[in-house]
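Place chain B on chain A using the hints.
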Amino acid sequence: MIQEKLYLKGDKLLDIYGYEFKAIKNALKLGRENTIKKVKESELKGRGGAGFPTGIKWEMAADIKAEQKFIVCNGDEGEPGTFKDRYLLEERPLKVLEGIMIAAYAVGADKAYIYIRGEYSKAIDVFLKTIEAARKEKILDDYFEGSDFKLELKLIRGAGAYVCGDETSLINSIEGKRGRSRIKPPYPIEKGLYNQPTVVNNVESLCCTAEILNPDSEEFSQLGIKGSRGTKLLCLSGDLNKPGLYEVEFASVTLKEIIYDLGGGLKEGENLRFVIPGGISTAIIKSENLDFPYSYQDFEKRGNSLGSGAVIAVSKKHDLLDLMLNVSRFYMDETCGTCFPCREGNRQINKILKSFKNDGKKIDAELVSDIGNTIRLAARCGLGQSSLNFIISVIENYQTDLEIGGKLYA
Amino acid sequence: MNEVKSLFYRESLLEKLHEIQNSYGYIPEIEIENLAEKYMLPRANVYGVISFYSMFYTEPTGKYIIRICDSISCHLNQSDSVLNAVKSFLNLESHQTTEDKKFTLEIVECLGHCGEGPVMMVNNKIYKKVNKNTALEILNNCL
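Residue numbers (UniProt numbering), protein chains in the order written: chain A, 1 to 410; chain B, 1 to 143.
Chain A on its own, in the form it takes in the complex:
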């Protein structure tokens, strides 16, 4: 049996009176530079999906001189299959709060936002209560424990827009605008919220920093292998016996073990066809190719990405065209429409798939791949760039099967 490594996942952490804030206290003791150094040395990569090194982001933001800097905690978790941030916000909000405080202290920000998607009403309630208690206990809005660090934190509720998970769209949304992405550069660390240096970090990334700085969990940064340190929350779903949230040490398990051991294998004795390893913006991995360690570099080697940690098992009983149409509809509905190739490209893909379904018109794989490349090159945000990974990978892997007949069953 695979052992989970529990750091981020654990008992409910809701009682502010019983929580010691050891990590932020340690950060204050270490000072700004050493806090950033520790996060850099931990090799923490952003857990939202893009995987940008958190320490480097902080360092760049810390180096910029500005009257006002902001931290934004990105809780706009919308990637289908992903529910780890909801778990952290609902069950471990104090870790999230502490992570926000550490980030703010490290880069020299005294104002922060947490943006939680509107559909997460329980997470919103829990976090509003956390903020209220923290204000009352002078953990927010006041100098923390007699230090020179003070943080004000506001919560903004999203209102149903997947694209706001992109950091520049999120910033526009906080500013009260349509959640459209911005052209980069300038990056948010130079000109973000209200044109001020802004660090946007994912909920899970911030919780990881609260482990990295916590003297009780010093070993966290040593877990895994070089390039993939720490643990990762996995959201298992699809055709599994034991779907749910799991926490594993990087590179200590294979994707195969994740499916068959943690996930309990496929339900109702079904056979696995493929795995979507990191949410629907990642390419599929066929059932026979799962035997590799779960780490950033092992995914990269395969031209893939571990994305948000949403591992979705798909059995042979499903119609591939139906799944492609489901994903296609998602992107067609959720594109913000700013970049023409993403807006129009995703519409055309949907049209191609529909005319295959309805009129038996063959899918022109080259055309689909061209549209995919155009979007990847021309869309501003990661959500657009990765919008065709799933569909293109299904076509590539099952082209012959798809050509035989409209529907494909096992």
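Pairs of lysine-lysine residues, derived as DSSO-like cross-links and limited to a Cα-Cα distance of at most 27 Å, are as follows:
{"#": "1", "chain 1": "A", "residue 1": "Lys316", "chain 2": "A", "residue 2": "Lys351"}
{"#": "2", "chain 1": "A", "residue 1": "Lys154", "chain 2": "B", "residue 2": "Lys125"}
{"#": "3", "chain 1": "A", "residue 1": "Lys129", "chain 2": "B", "residue 2": "Lys125"}
{"#": "4", "chain 1": "B", "residue 1": "Lys132", "chain 2": "A", "residue 2": "Lys122"}
{"#": "5", "chain 1": "B", "residue 1": "Lys128", "chain 2": "A", "residue 2": "Lys317"}
{"#": "6", "chain 1": "B", "residue 1": "Lys125", "chain 2": "A", "residue 2": "Lys242"}
{"#": "7", "chain 1": "A", "residue 1": "Lys12", "chain 2": "A", "residue 2": "Lys242"}
{"#": "8", "chain 1": "B", "residue 1": "Lys132", "chain 2": "A", "residue 2": "Lys317"}
{"#": "9", "chain 1": "B", "residue 1": "Lys132", "chain 2": "A", "residue 2": "Lys267"}
{"#": "10", "chain 1": "A", "residue 1": "Lys354", "chain 2": "B", "residue 2": "Lys87"}
{"#": "11", "chain 1": "B", "residue 1": "Lys128", "chain 2": "A", "residue 2": "Lys267"}
{"#": "12", "chain 1": "A", "residue 1": "Lys129", "chain 2": "B", "residue 2": "Lys5"}
{"#": "13", "chain 1": "B", "residue 1": "Lys128", "chain 2": "A", "residue 2": "Lys129"}
{"#": "14", "chain 1": "B", "residue 1": "Lys129", "chain 2": "A", "residue 2": "Lys267"}
{"#": "15", "chain 1": "A", "residue 1": "Lys154", "chain 2": "B", "residue 2": "Lys5"}
{"#": "16", "chain 1": "A", "residue 1": "Lys316", "chain 2": "B", "residue 2": "Lys128"}
{"#": "17", "chain 1": "B", "residue 1": "Lys87", "chain 2": "A", "residue 2": "Lys357"}
{"#": "18", "chain 1": "A", "residue 1": "Lys122", "chain 2": "B", "residue 2": "Lys129"}
{"#": "19", "chain 1": "B", "residue 1": "Lys16", "chain 2": "A", "residue 2": "Lys129"}
{"#": "20", "chain 1": "B", "residue 1": "Lys132", "chain 2": "A", "residue 2": "Lys357"}
{"#": "21", "chain 1": "B", "residue 1": "Lys38", "chain 2": "A", "residue 2": "Lys177"}
{"#": "22", "chain 1": "A", "residue 1": "Lys136", "chain 2": "B", "residue 2": "Lys16"}
{"#": "23", "chain 1": "B", "residue 1": "Lys16", "chain 2": "A", "residue 2": "Lys122"}
{"#": "24", "chain 1": "A", "residue 1": "Lys154", "chain 2": "B", "residue 2": "Lys38"}
{"#": "25", "chain 1": "B", "residue 1": "Lys129", "chain 2": "A", "residue 2": "Lys317"}
{"#": "26", "chain 1": "A", "residue 1": "Lys177", "chain 2": "B", "residue 2": "Lys5"}
{"#": "27", "chain 1": "B", "residue 1": "Lys16", "chain 2": "A", "residue 2": "Lys191"}
{"#": "28", "chain 1": "B", "residue 1": "Lys128", "chain 2": "A", "residue 2": "Lys12"}
{"#": "29", "chain 1": "B", "residue 1": "Lys38", "chain 2": "A", "residue 2": "Lys191"}
{"#": "30", "chain 1": "B", "residue 1": "Lys129", "chain 2": "A", "residue 2": "Lys9"}
{"#": "31", "chain 1": "A", "residue 1": "Lys154", "chain 2": "A", "residue 2": "Lys129"}
{"#": "32", "chain 1": "B", "residue 1": "Lys132", "chain 2": "A", "residue 2": "Lys242"}
{"#": "33", "chain 1": "A", "residue 1": "Lys136", "chain 2": "B", "residue 2": "Lys5"}
{"#": "34", "chain 1": "A", "residue 1": "Lys122", "chain 2": "B", "residue 2": "Lys125"}
{"#": "35", "chain 1": "B", "residue 1": "Lys5", "chain 2": "A", "residue 2": "Lys191"}
{"#": "36", "chain 1": "A", "residue 1": "Lys9", "chain 2": "B", "residue 2": "Lys128"}
{"#": "37", "chain 1": "A", "residue 1": "Lys9", "chain 2": "A", "residue 2": "Lys226"}
Chain B side only, calculated, beta carbon under 10 Å to chain A, not exhaustive:
{"#": "38", "residue": "Val4"}
{"#": "39", "residue": "Tyr9"}
{"#": "40", "residue": "His18"}
Since the hints were made in silico from the structure, they are not lab data. Keep in mind the model is a prediction, meaning the values are calculated, not measured. Where a beta carbon is used, it is the ideal one built from N, C-alpha and C, also for glycine.
Relative to the frame of chain A, chain B by itself:
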């Protein structure tokens, strides 16, 4: 106080819209006018923001907003049978409201309970592992 600081302390437009919607059930024309004045924006701009976000309504909705997830993880667990049952029970398509203003149906993307799908949300309450029978039971309890 400098301008950026005052922007932080100002109530965000998004939060304000939530507040208005919570009290009216939707965002009426008169409030759009008020917001335009308050935030010094053209009315079209305020409307543009509202229409971008799927959870904001400019027309009255039903007393119960039924959201059914049909993203991939729920879809793999037969969410389509749930939504077909609900559609025919309410005689509605997505984004429609019953004449008696009791129900609004929304077929939505991921609600973040992917390990417990199919998932259905009635106003703010989440129901997990629903099937077509339990879904209709939930609706019947709203009647």
